[in-house]
Amino acid sequence: MKQTKYIVDTTLRDGEQSPGIALRAEDKLKIAQLLDEIGVYEIEAGIPVLSEVEEESIKNIINHCHKSKISVWSRMDVHDVRKSVACKPDIIHIGAPVSYVQIYSKLKKNKSWVMKNIMECIEVAKSHNVEVTVGLEDASRSDIGFILSMIKELQRLGVTTIRVADTVGTLTPFRTKELIETIKMNTDLKIEMHVHNDLGMAIANSIIGAKAGADYIDCTLFGIGERTGNCNFYDFIHACESVFQFSMNKKQVRYVEQMVCKELENAI
Amino acid sequence: MIRLIDNTLTSLDHNLPDKEELHSFCELLFAIGVDAIELSIPVYQQMGYLPEGQKYILNINFPEEKEKNPGFYRYVSRYEDSSDKFIYEIQMNDTREIVRLRTHQNCKEIRIVGLDDLICYDSYERILREMIHAMPNGSIILCPENTYYCASALAIQWASDFGGDITTSFAACKNNAATEEVIMALRLAIRHKPNRNLAVLPQLVRLYEKFTNKPIGNKKPIVGKHIFKVEAGIHVDGIKKNPATYEAYAPSIVGGTMEVVIGKHSGSKAVKLKLEELGYPIPSDQIIDKILKKVKSFCTEHGRSLYVQELAVMIKEVADYEADEVYR
Chain U
2 MKQTKYIVDT
12 TLRDGEQSPG
22 IALRAEDKLK
32 IAQLLDEIGV
42 YEIEAGIPVL
52 SEVEEESIKN
62 IINHCHKSKI
72 SVWSRMDVHD
82 VRKSVACKPD
92 IIHIGAPVSY
102 VQIYSKLKKN
112 KSWVMKNIME
122 CIEVAKSHNV
132 EVTVGLEDAS
142 RSDIGFILSM
152 IKELQRLGVT
162 TIRVADTVGT
172 LTPFRTKELI
182 ETIKMNTDLK
192 IEMHVHNDLG
202 MAIANSIIGA
212 KAGADYIDCT
222 LFGIGERTGN
232 CNFYDFIHAC
242 ESVFQFSMNK
252 KQVRYVEQMV
262 CKELENAI
Chain L
17 MIRLIDNTLT
27 SLDHNLPDKE
37 ELHSFCELLF
47 AIGVDAIELS
57 IPVYQQMGYL
67 PEGQKYILNI
77 NFPEEKEKNP
87 GFYRYVSRYE
97 DSSDKFIYEI
107 QMNDTREIVR
117 LRTHQNCKEI
127 RIVGLDDLIC
137 YDSYERILRE
147 MIHAMPNGSI
157 ILCPENTYYC
167 ASALAIQWAS
177 DFGGDITTSF
187 AACKNNAATE
197 EVIMALRLAI
207 RHKPNRNLAV
217 LPQLVRLYEK
227 FTNKPIGNKK
237 PIVGKHIFKV
247 EAGIHVDGIK
257 KNPATYEAYA
267 PSIVGGTMEV
277 VIGKHSGSKA
287 VKLKLEELGY
297 PIPSDQIIDK
307 ILKKVKSFCT
317 EHGRSLYVQE
327 LAVMIKEVAD
337 YEADEVYR
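Here the protein sequences line up with chains U and L, keeping their order. Converting from the first sequence to the working numbering requires adding 1 to each position, the first position being numbered 1. Converting from the second sequence to the working numbering requires adding 16 to each position, the first position being numbered 1.
The shape of chain L in the complex, shown without the other chains (with noise of 0.2 Å):
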């Protein structure tokens, strides 16, 4: 069974969010899938408490921390222990360094940090099969790294193929994989989770952007703010017909919406789409094509799209054209 552990709440200790938006933000990544949430310990104090019924994982540094904060479901640390409910830490930035985990097999669960070029060595899956062989009476757990910006496709490929455990952190903020980049890819690819709400990603990044004071990009797959633009004419037409043409998976799913964008590259099919949207009278095919003349040359020379406000003075000034030619 896969288990996705989220890490982002031990990256936050330099600038404490308060306590309601921090049980805030756990509720709602475990509202879109997270399994356990990995707090560190200034987290977990200004959190002051942990809601019942859900997995909390303290990251800790000495094994008297352990003893200070009891009730977890896990502890987590780069020092070696091979009780019950302690997940070990290390780090791998070499293939070759697997050999080490026979040098741990009393621990009942590893955590493997690294490894962030995985991907690129032709035999990266006996390699992670090999892992697995490595620990046969411990589990292990995956937080690839994401130097080389494969840390989400590993991470998927770990948890599907290999049913194995794996951290990662919301908008990859610890250069992880990215927490929900990996919840969309296992929903998509085998049916994950496929009820979870994802519609409330939008909160999630509000608050992650107020914690840590860092807009998210514009492209970032699937919480952007930008993704669910289109202007190609060729994509307008086909998502008109049906969505699933040029969609993954529907806007809506992750609280977004799709939007029309006027500019260089919109067809007729577009404008009139967009026209509509606006609650404009659609004009004959002619007209239009003269409006889509008149948008290509000047997104063109304008080196950008078209704001809403402009494309109206466009209709306008080719409507009252139209009809000067119509009266004269």
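Isolated chain U, as found in the complex (with noise of 0.2 Å):
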């Protein structure tokens, strides 16, 4: 029997961070139906933070989608999330950077200034009732250590699912097996596997990453996303229909991918 894997979709919120394109509210609103539609299991709709006019746009898409668990995306920051949790989406999650060069050089920081914010932010969501997953950021180029100690602090605050971000896309397929197999020896929390394509390997690290565990498969649709873009959906679907099932196929991803095409033109 074949393993059943999730489809996290974010082609609306890391998707359009593609330079080139804007979405309109509309146009947010359409794709999210046909994702809601073909049964996509969440779909990060966007980051509230960022304007009026995006949180109306998340809160519109809430109310239209009923099938798919609707999640926004904040910073590691009290503010970020309390704008969020206006929002009322189903699932919160907090981006907490992991790495040294992103806590040391981007933050200017330390891995101790990280967890207590980390445990902030979850507390403020949580206090709301709101699902939260945590993303650790640039995952791939991490100590494995403070990864595991964050771990078992985001367990104890009843988180449950992890992302595991290869931000820079620099995992390969061995470093990809090692990365997933460790955590999953060290906790029960779900994995979300999130990689992007800067080595073309997206598609093979996702299925890696499934494979060694990852419940939960981050894609964009046309695989658009920052630099060389993110895990393509179609195409993670069509190479691994035969050893996982998911909730929709090929065909009705590529539908989608042709009733958007127009929207996402500029970012492919």
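Hints listed in this document are in silico derivations from the structure and should not be mistaken for laboratory results. Wrong hints could be hidden among the right ones.
To be verified - Label-pair restraints from in silico Cβ distances:
no.: 1; chain 1: U; residue 1: 3; chain 2: L; residue 2: 79; range: 27 to 37 Å
no.: 2; chain 1: U; residue 1: 179; chain 2: L; residue 2: 211; range: 24 to 34 Å
no.: 3; chain 1: U; residue 1: 175; chain 2: L; residue 2: 211; range: 20 to 30 Å
no.: 4; chain 1: U; residue 1: 27; chain 2: L; residue 2: 303; range: 45 to 55 Å
no.: 5; chain 1: U; residue 1: 159; chain 2: L; residue 2: 109; range: 17 to 27 Å
no.: 6; chain 1: U; residue 1: 246; chain 2: L; residue 2: 295; range: 31 to 41 Å
Think of the CB as a built atom: it goes at the ideal place given N, C-alpha and C, for glycine as much as any other residue.
Two chains, two frames, some hints: make the complex.
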């Protein structure tokens, strides 16, 4: 029997960050409804703190999509999390940088600060009874010891799913397997794979991640996203529908692509 | 030792490039770290001669073609030949076919083409090991096909974990692993040939596009024209503080440059950076916020990022309005 895997579509968040496009509220709603219809498990609808228009657009998606869980993306910042909570999504995803280059160079903070901040953010979200997933940003270049200690704390606070993000797309199949298996060995948390295609390995790494124990796979329509893009939804299903069970088939994904190619053409 | 064979020049027979361009293309492939270049007979004839000091492989269909074209490092064909300098190529579309290798024990080198979906198998690493064991006296060159967009990943794994030889093509034009992806991944993962000059890649792209009359996709890993454009505020800010935060490698390594694009996802730091880049004076944070609001609303309405000229107009509008407010 094939294992069931779940698609998290991030076309409306990471996909839209592809330079060149800016989706209007009606475009976002159209894309979300099509993804909802084909049974995408979770639709990452956007970033509420971006603007009031974006916030309204996300609320509109939440009101019109009934099958998929709707999530919003938030920086590890209490103000951003409050903005996210106000949209009343099913899930708030909080991105927590975990690599030293992200913590020390970008944030100019330290590991204790990251730990303290992510805990505060989770508490704020949890106090509003919203499910929280935490993204381990740049996990592929991080110290596994720090990842595991953070996971322990996340589990204590009731987080049930973590996103393992290959933020700069440098994972190789071997490293992907090693990383996911190590996390699986040390925790019961569910794992979501989020990879980028910088070395042309997004599909392969997503498959390897799923085989190693990730239940959720992040994809975007046409594989749009920052730089070389994310894991291409159609190509991923096409590559591994013989080994995994999904809620949709590749024909349905192709149909959605055909319906929205005009809206996304600037990002392809 | 890893040996990377590029077979791009076996795919141009229908529209042969001129001699000098073919020689330049080969020089550039060697410069980026290719170990041997595979040619078709028509391409070899067009080149006229083989430059000395490099390894060339001739793709042939019949045994007599080997005699007629001496001087190659290797010959590759789909007929079986156990002589030295010969690579016997076999197509394998199913892992169960690996047992076939036992019947070719006399061959010195075998190239396996296919195995598109190998990475989906639970036991794919075991299968790779079995391939090595099946040929104790010979070596295997893997040429995974790219039907499921996993060829580069498989090639990397074969090369880095099993020390095997691989065949690739530029921009994956022969539906196998992409040469440039494999070279960069090997460089990042195991520091294979870290000193090779990848800054010539844009020259290779220009020649390749001219040869094939097909543009390379804007988002194509390593060589796409748009892969170093950055718009999201969080990324621009990160890259400004330390490029390594959001770059797997410096764009300059592959002859590219980072470009800040202003759009719906830009933040105030990105706007400041762009103004600096354009040589404009940096206004107060309050004015930057006003510009940013205008940018976001314009981009959302038009469904795209901003052109530089549009940004200049917007800055002028906000500045004029602010001046009016001051004097009112």
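(message) Is 45 to 55 Å respected by the C-beta to C-beta distance linking residue 27 of chain U and residue 303 of chain L?
(response) Since residue 27 of chain U and residue 303 of chain L have Cβ atoms about 31 Å apart, the given range 45 to 55 Å is violated.
(request) Please test the hint of 24 to 34 Å on the beta carbon pair from residue 179 of chain U and residue 211 of chain L. (result) The hint (24 to 34 Å, Cβ to Cβ) holds, given that residue 179 of chain U and residue 211 of chain L are roughly 27 Å apart.
(request) For the range 17 to 27 Å, tell me whether the beta carbons of residue 159 of chain U and residue 109 of chain L fit it or not. (result) Violated: the Cβ-Cβ distance is about 48 Å, outside 17 to 27 Å.
(request) For the range 27 to 37 Å, tell me whether the beta carbons of residue 3 of chain U and residue 79 of chain L fit it or not. (result) violated, 47 Å
(message) Given a hint of 31 to 41 Å, does the C-beta separation of residue 246 of chain U and residue 295 of chain L actually sit inside it?
(response) violated, 57 Å
(request) Evaluate the given range 20 to 30 Å for the C-beta pair formed by residue 175 of chain U and residue 211 of chain L. (result) holds, 24 Å
Comparing the model with each numbered hint stated earlier shows that hints 1, 4, 5 and 6 do not hold.
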